[in-house]
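Protein chains: 2
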Amino acid sequence: MTERKKRLDLFGKSKGLNGFLLTSPSNILSYSGYWYDFQTGASPFQLLPAVLFISADQGASLLLADNEESKSVSVHEGITIKLYSSYSYREPLMFRESFLSELTDGFETMKIKTGRIGIEGDHIPNVVIQKLSEVFPSIEWINVDQDIAVLRAIKDEDEIESIKLAANLADIGQEAVLKYAAPGMTELELFSKVRLEMETAAGARIPLMADLISGAATATGGGNPRTKKMEKNDFVLSDFTPCLNGYWGDSCNTIVLGQPSSGQQEIFESVKDALDIGVKALVPGNEAREVDRLMRGRLDMYEEFGHHGGHGVGTCYHEEPRIVPYNKMILEPGMVIALEPAVYKEKFGIRVEHLAVVRTGGPQILTKFNHRFSQ
Amino acid sequence: MTERKKRLDLFGKSKGLNGFLLTSPSNILSYSGYWYDFQTGASPFQLLPAVLFISADQGASLLLADNEESKSVSVHEGITIKLYSSYSYREPLMFRESFLSELTDGFETMKIKTGRIGIEGDHIPNVVIQKLSEVFPSIEWINVDQDIAVLRAIKDEDEIESIKLAANLADIGQEAVLKYAAPGMTELELFSKVRLEMETAAGARIPLMADLISGAATATGGGNPRTKKMEKNDFVLSDFTPCLNGYWGDSCNTIVLGQPSSGQQEIFESVKDALDIGVKALVPGNEAREVDRLMRGRLDMYEEFGHHGGHGVGTCYHEEPRIVPYNKMILEPGMVIALEPAVYKEKFGIRVEHLAVVRTGGPQILTKFNHRFSQ
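Quick mapping for you: the protein sequence lines, in order, are chains A and B. For the first sequence, my numbering begins at 3 and goes up steadily by one. For the second sequence, my numbering begins at 3 and goes up steadily by one.
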């Protein structure tokens, strides 16, 4: 059993829960190993692509839409897979009825008719709890979204390996920017080359959050690529957050398409130094907010950057521990954290970012890209 | 007021509803004009990006996450916009509390304390109805997902214009395949060129569903592009479903990278003929299933294709009317329908697709691409 599953079970016990009914892609992946792509939004042929039921004492079961199943499904040991009818063309669509009936059957089979079940109240569709409450009026549904978010902050080694692979894609993206960015090229043209290199390395299309902007727009900190042409001496800010098999990577760099002024170079070095200081502080026992404070402190001669200093990364691109001024969460081994200090001036912005693991022996940086300001 | 809003109001009246609380991107766009991108999944800083409340007699109000608001928000006349606090870094995240408090305040302001409110039970998170039920125990929540799906089958002219723009992107994609596909190139490389042309025309990144496969994989009907290299005499099947500002286009073509055999050419012509027959049948008064039957009939010397003959297109990529053997829905002017007959053999598949509007004077084809089998 994975360490994270043990922590979930322990949490369930402490709250007197008889099980969990999990529906978000992040939690389903974390606790079952199953991931589905979401790049094109919800399917009109499914109530949900998947739902994971974890019983406190009778194992776990994953209910999947049968039009998901054609992909090779690989899940953690001991998890039963069931299917419900989703897409059809010979018969009217009955995915709602099939989903709810398979789900209630599962509860019947496990003889769960009473007790407390943890759910993601922010995510689970109302119709699911409405139906289950009709059939099992004695079950109490407990919202555990925020508790699980905190549990997920510490990663197991298999998860760190998965994040490392995604971080490698982000590295490939940064190298591609350095290789291809040129005056006269549009931001979308550059993005196309970057994404092709990342997707070729992944062997498939991947969900990809990306800031890729040039010129004065870098002062705003981010944005999607546009048809704007890059010009000589433009800054190019590239923040890539690719998702590989459900785990995210994260990396940011800023370059200038020409010769930076000494003032600009100095800011770049300061931001890079702030990042180094932040990474060094990723040690067990430190408070999350201390890492944020150290990075902001190194940049206190500039106007303060108006966003988090960093964030956890895992099956969600932003998760605990948030590296922000208020967060007293204590860093622990296995936390995977992206740090992204920045300086934004009136006409340009500079941000650099690394992704690292908190380790007993000192932080392990997962992004191997070496930030540089010039091509 | 749009015709679709009038139909929604009329439906609400017929069901004795005092209003609607809509949460899915498709419905929010249809009835408010507001769209948010969903390419990278749910935001960890929002309960929902948006919720639309439509009162039976007091206008409509759109509640948005304030980190959505920086985009220029343009909505239908008469809709009030309110914001809730989502992303923050100086204070702990309170998006759940802020969302639920703004929502209940809105109900208080409108003096809605009782009655029947239509919701999308398949979509609305349980915590929202849980909270509203606590504060307003006399309100009855009615699931109207399927009813609205049927109402949305008929499009207004402004929607048809939006779909036409998305269909134009699909056309650009098909022309790009004919222009660039070549032996030695990977499917992902071709996809990169196709997507760049579509995104450059759109001026931005767009959600894009795409089958883009070559060789024997075309026999399966679809799939995402891979690192497989295309070879001489390979079939290339390209089905592009791009989303522009929330409205979808749809188009499919199949080419062969070389000289087709006369048998292959004959199948291509048959499938194209089946499509023409289907499009001609898109006239008011026909049953949806009749269009499906006619297309399958033209291809009855081949093994029957194992998917729908077509589907409605709008703010969702597959919607009513479904063009399938069981669907007795009567076609009406303003329905926008994609037809996609196909023949799948053991070693290759051929599918072509057009998107058209049902009009009193005869169907209007929105995809302008002229299907061709050779470059």
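The hints are simulated quantities; they were obtained by calculation from the structure and are not laboratory data. One or more of the hints may lead you astray.
[Claimed, not checked] Derived BS3-like pairs: lysine-lysine, alpha-carbon spacing no greater than 25 angstroms straight-line:
#1 A:133 to B:195
#2 B:282 to B:234
#3 B:133 to B:181
#4 A:195 to B:195
#5 B:133 to A:133
#6 B:115 to A:195
It should be emphasised that the depicted structure is a prediction, and the values quoted were computed from it without experimental measurement.
How the hints compare with the structure:
A distance of roughly 47 angstroms separates the Cα atoms of residue 133 of chain A and residue 195 of chain B; the hinted pair therefore is violated under the 25 angstroms criterion. About 35 angstroms separates the Cα atoms of residue 282 of chain B and residue 234 of chain B, which puts this hinted pair outside 25 angstroms; it is violated. The straight-line distance between the Cα atoms of residue 133 of chain B and residue 181 of chain B is roughly 55 angstroms, outside the 25 angstroms bound, and the hint therefore fails. Between residue 195 of chain A and residue 195 of chain B the CA atoms are separated by roughly 9 angstroms; this keeps the pair inside 25 angstroms, and the hint holds.
A hinted pair counts as satisfied when its Cα atoms are at most 25 angstroms apart, and residue 133 of chain B with residue 133 of chain A qualifies at roughly 18 angstroms. Pair hint residue 115 of chain B plus residue 195 of chain A does not hold up; C-alpha atoms about 55 angstroms apart against a cutoff of 25 angstroms.
Comparing the model with each numbered hint stated earlier shows that hints 1, 2, 3 and 6 do not hold.
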